[in-house]
Amino acid sequence: MNAEKPKHGLLWTIFFSMLSLAWVFPIFLVIINSFKNKAYISDNAFSFPTGDAMVGFDNYVRGVETTNFFASFGWTLLITVGSVVLILLCTSMCAWWIVRVNNWAAKLLYTLFLFNMIVPFQMLMFTLSWLADRLGFNTPWGLCIVYLGFGAGLAVFIFTGVVKGIPESLEESAMIDGASVPRIFFQVVVPIMKPSIISVAILEAMWVWNDYLLPYLTLDLNKYKTISVAIQYLKGGYGSVDMGAMMACLVMAIIPIIIFYVICQKYIVKGVMAGAVKG
Amino acid sequence: MISMAGKAIRRWWALFVLPTFIAFIIGFVVPFIYGVYLSFCNFTTVTDAEWVGFSNYGKALQDKTFLHALLFSTLLTIVTTIIINVVAFAIAYMLTKSIRGSNLFRSVFFMPNLIGGIILGYIWMLLLNGVLAHWERSLTYDQKYGFWGLVILVCWQQIGYMMIIYIAGMQSLPTDVLEAASVDGASGTQTMFRIIIPLMMPSITVCSFLTITNGFKLYDQNLALTNGAPSRMSEGLALNITNTFYGRVGYEGVGQAKAVLFFILVAIVSLLQNKLTTSKEVNA
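Top to bottom, those sequences are chains F and S.
The numbering of the first sequence is my numbering, which starts it at 1 and goes up by one.
The numbering of the second sequence is my numbering, which starts it at 1001 and goes up by one.
Among the hints, erroneous ones may be present.
As the list claims (entries may be wrong) - Computed list of lysine-lysine pairs in BS3-like fashion (alpha-carbon distance at most 27 Å, straight line): (1) S:K1097 <-> F:K266; (2) F:K107 <-> S:K1097; (3) S:K1097 <-> F:K7; (4) F:K194 <-> F:K270.
What the hints assert, rightly or not - Derived list of chain F stretches under chain S, where covered just means 3 residues or more per stretch with a C-beta under 8 Å from a C-beta of chain S: (5) 54 to 62; (6) 70 to 82.
Claimed, not checked - Anything over 10 Å on all C-beta distances counts as not near chain S; from chain F, calculated: (7) A39; (8) P49; (9) T50; (10) G51; (11) T66; (12) W97; (13) N138; (14) G151; (15) K164; (16) E168; (17) Q187; (18) V190; (19) I192; (20) I198; (21) D211.
Read the hints as simulated data drawn from the structure, not as lab findings.
Each residue gets a CB set at the ideal place from its N, CA and C atoms; glycine is no exception.
If we strip away everything but chain F, and leave its shape as in the complex, we get (with noise of 0.2 Å):
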């Protein structure tokens, strides 16, 4: 059903038009406003920063010093490359283990994994959060371990499906040549497997970069924030927000994502198109 011209081709393009700015308008708002005065934030969000109103870039200055915003950037980057990276591998390997070896243990594993999908995080906030600490995971490092093993489910879900695609004569034969196990796991399988990796790693890393309570609960808070844990913090307790530092911290936190969607949005569409798999 493709490639066929609606009626009125031109007027649904105005429409579309129409629709797409009033999809971007909030970011729009929000960047006008991260160079408002304060005062001016709340009362008269809409109009622009003109006169009294316009400040530069001090919300700029003042977000990233109040909530050590580089700092969060570099720990929420780390911390998701790092999960990624751990969750890729490790559960790669994991869903190809299962698929081919398929015995009492593979299966249970398997439902293990599908059970985990369905679990609401939280179930297991207060628990995971105290084990992760008695076992000193409460570092940026010691929380890949943690992503791994909480968002394990859907990455082995994906790997097996795609393994289970690729025909074993060819694992067979490289093992007729000689090659070793985990050679021909590493120069047979993972080539092929290589659009799902990239999908899932994008579905993983949408996950880890923008999640909030997981972070929040586990990491030493003194030492490492997130982006998400720091923008939260701003809000603070009863006290009152600075409506500044907070959109210029916003605008800050949203221009890298764009940044990386125009840069990998075909990798990010399949893997969007990977993750909805029938559970």
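Position chain S against the provided structure of chain F, taking the given hints into account.
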């Protein structure tokens, strides 16, 4: 029946399975089992747990804020699931036709998904409070503002995601069936309801599953947008449970019991939904 490759691979379990397995035990199995156990205990930290049977569950079910949060989450899930799926389906349907600029529109609609829940919450707090300021109101003035604010936010975030899944489904629809329908003189409405929607049921199953579970699990957006204000009236289930754990000393057991109930609810709803929509799937 185990293949030759399988036999050789099995011996390598320590390398291939053990790392994931250990992390899974730490990150899921132990916390889950211990969580279920603790829901039957009184405790303030994990180590001073004392068995109390079902009393936590009794307290949880008598807690008015919990029942209100259950209602809030259920309504939110129903409303957002319907809006997101209808709108995403409609947009996907139009954007698979050759409209000028349709790739750009797809990119724009998808974009909010990449932004984290906390950040989304504050973006919409700014916008919605800005709008409500004209009537000298704010999001926390009444629970209905918080509710509809959250509906708008969640729709804005998820429509693009579901649109992508629907577009993928529509692009793989069999052209011969659609051509046969138009040769036989089926009207647009007939083609939509008799052919396209039945053939799209697998995508609809996935999207409604995702929107329903997302609706119940919603936490970050809820926290950032209203944090339950006014007086816990705009609190969803996930936020209510977290606040019970960390907001009231001595109520950790009740929080854990609520969490178990929450898990059971999410599991039942997603299984039922999956059965229901899967049963409507057809083969072309």
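Hint check results:
{"no.": "1", "hint": "S:K1097 <-> F:K266", "result": "holds (20 Å)"}
{"no.": "2", "hint": "F:K107 <-> S:K1097", "result": "violated (43 Å)"}
{"no.": "3", "hint": "S:K1097 <-> F:K7", "result": "holds (10 Å)"}
{"no.": "4", "hint": "F:K194 <-> F:K270", "result": "holds (12 Å)"}
{"no.": "5", "hint": "54 to 62", "result": "violated (count 0)"}
{"no.": "6", "hint": "70 to 82", "result": "violated (count 0)"}
{"no.": "7", "hint": "A39", "result": "holds (14 Å)"}
{"no.": "8", "hint": "P49", "result": "holds (14 Å)"}
{"no.": "9", "hint": "T50", "result": "holds (17 Å)"}
{"no.": "10", "hint": "G51", "result": "holds (19 Å)"}
{"no.": "11", "hint": "T66", "result": "holds (15 Å)"}
{"no.": "12", "hint": "W97", "result": "violated (4 Å)"}
{"no.": "13", "hint": "N138", "result": "holds (13 Å)"}
{"no.": "14", "hint": "G151", "result": "violated (8 Å)"}
{"no.": "15", "hint": "K164", "result": "holds (13 Å)"}
{"no.": "16", "hint": "E168", "result": "violated (6 Å)"}
{"no.": "17", "hint": "Q187", "result": "holds (14 Å)"}
{"no.": "18", "hint": "V190", "result": "holds (13 Å)"}
{"no.": "19", "hint": "I192", "result": "holds (14 Å)"}
{"no.": "20", "hint": "I198", "result": "holds (16 Å)"}
{"no.": "21", "hint": "D211", "result": "violated (8 Å)"}
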